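**Q** Just so you know, we're using this note's numbering here: the sequence shown kicks off at 32 and counts up by one.
For the record, the hints were derived by calculation from the structure and aren't laboratory data. Treat each hint with caution, since some may be false.
[To be verified] Capping the alpha-carbon separation at 20 Å, the derived lysine to aspartate or glutamate pairs in EDC-like fashion look like this:
| no. | residue 1 | residue 2 |
| --- | --- | --- |
| 1 | K96 | E125 |
| 2 | K132 | D52 |
| 3 | K76 | E117 |
| 4 | K132 | E57 |
[As the list claims (entries may be wrong)] Listed next, with one range per pair, are the computed distances between beta-carbon atoms:
| no. | residue 1 | residue 2 | range |
| --- | --- | --- | --- |
| 5 | Q49 | N147 | 11 to 21 Å |
| 6 | D142 | K192 | 39 to 49 Å |
| 7 | S53 | E143 | 15 to 25 Å |
| 8 | G180 | E74 | 17 to 27 Å |
| 9 | T109 | R56 | 29 to 39 Å |
| 10 | R187 | N147 | 34 to 44 Å |
| 11 | P155 | H78 | 18 to 28 Å |
| 12 | A146 | E71 | 45 to 55 Å |
| 13 | D52 | V184 | 20 to 30 Å |
This one's a predicted model, so the numbers in the text were calculated from it and none came from an experiment. C-beta atoms are modelled at their ideal positions from N, C-alpha and C, and glycine is treated no differently.
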Amino acid sequence: MTSVATPTAILAINPRQQFLDSFKREHETTMKVVRALPPESSEFKPHPRSNSTRQLAFTFLLEQKLLMAALTDSLKMTGKFPEAPESIKAIIEEFETDYPKVCQLIESVSDESLANTVQFPIGPGPQMGDWPKMEFLWFILCDQIHHRGQLSVYVRMAGGKVPSIYGPSADEPWF
32 MTSVATPTAI LAINPRQQFL DSFKREHETT MKVVRALPPE SSEFKPHPRS NSTRQLAFTF
92 LLEQKLLMAA LTDSLKMTGK FPEAPESIKA IIEEFETDYP KVCQLIESVS DESLANTVQF
152 PIGPGPQMGD WPKMEFLWFI LCDQIHHRGQ LSVYVRMAGG KVPSIYGPSA DEPWF
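Please construct the entire structure, taking both the sequences and the accompanying hints into account.
**A** Structure representation (structure tokens):
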């Protein structure tokens, strides 16, 4: 069981470690939701304008690649998203393969690099702007959490069992 840090211990953790701890915890939860997708639900859409489960799961992989690009100072926005792999299984495998690489980059990138900015769209529309790198990392993590919430709804609608995320679910009660 994970222990809860005291407020004093939390204040002693540097911003990089705070992000890394949150990233690892949220990744584990995201994997629970992705693995809860029924295998046959790859093209499920709750609405014609919605993304399929496969496309939504691909968002996690894309975001992880954005993190790696930002951390290696190679982030270049082209305005065109790559096509999602044909199977959710392939997406999950690559998501799991890239995860330790992202963690290693977060741990090893210099403080100087983390203090720099990255170019990324700001607000609606194509306008680019400078994002402080740590703020960008948090933005991507929060966006992953947002899309994980969407995916948890898909899991239920596609006939899967929704895992505990921040608290118990009907399918995974705590008591």
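**Q** Next step is simple, just say for each hint if it's right about the structure.
**A** Taking the hints in turn, this is what the structure says about them:
A distance of roughly 10 Å separates the Cα atoms of K96 and E125; the hinted pair therefore holds under the 20 Å criterion. Straight-line distance between C-alpha atoms of K132 and D52 comes to about 15 Å, which keeps the hinted pair within the 20 Å bound. As the CA atoms of K76 and E117 are separated by approximately 16 Å, the hinted pair is consistent with the 20 Å bound. Restraint check for K132 and E57: the C-alpha separation of about 16 Å stays at or below 20 Å, so the hint holds.
Taking the beta carbon of each, Q49 and N147 are about 19 Å apart, inside 11 to 21 Å as hinted. Our hint of 39 to 49 Å for D142 and K192 holds, since their Cβ atoms are close to 43 Å apart. A C-beta distance of roughly 22 Å is found between S53 and E143, which places it inside the suggested range of 15 to 25 Å. Take G180 and E74: their Cβ atoms lie about 21 Å apart, and the range 17 to 27 Å holds.
Evaluation of the 29 to 39 Å hint for T109 and R56 yields a pass: the beta carbon distance comes to about 31 Å. Hint check: R187 to N147, Cβ distance near 41 Å, so the stated range 34 to 44 Å holds. At roughly 21 Å, the beta-carbon separation of P155 and H78 lies within the given 18 to 28 Å, and the hint holds. Separated by about 47 Å at the C-beta atoms, A146 and E71 satisfy the suggested range of 45 to 55 Å.
The given range of 20 to 30 Å is respected by D52 and V184, whose C-beta atoms sit roughly 27 Å from each other.
Violated hints: none; the structure is consistent with every hint.
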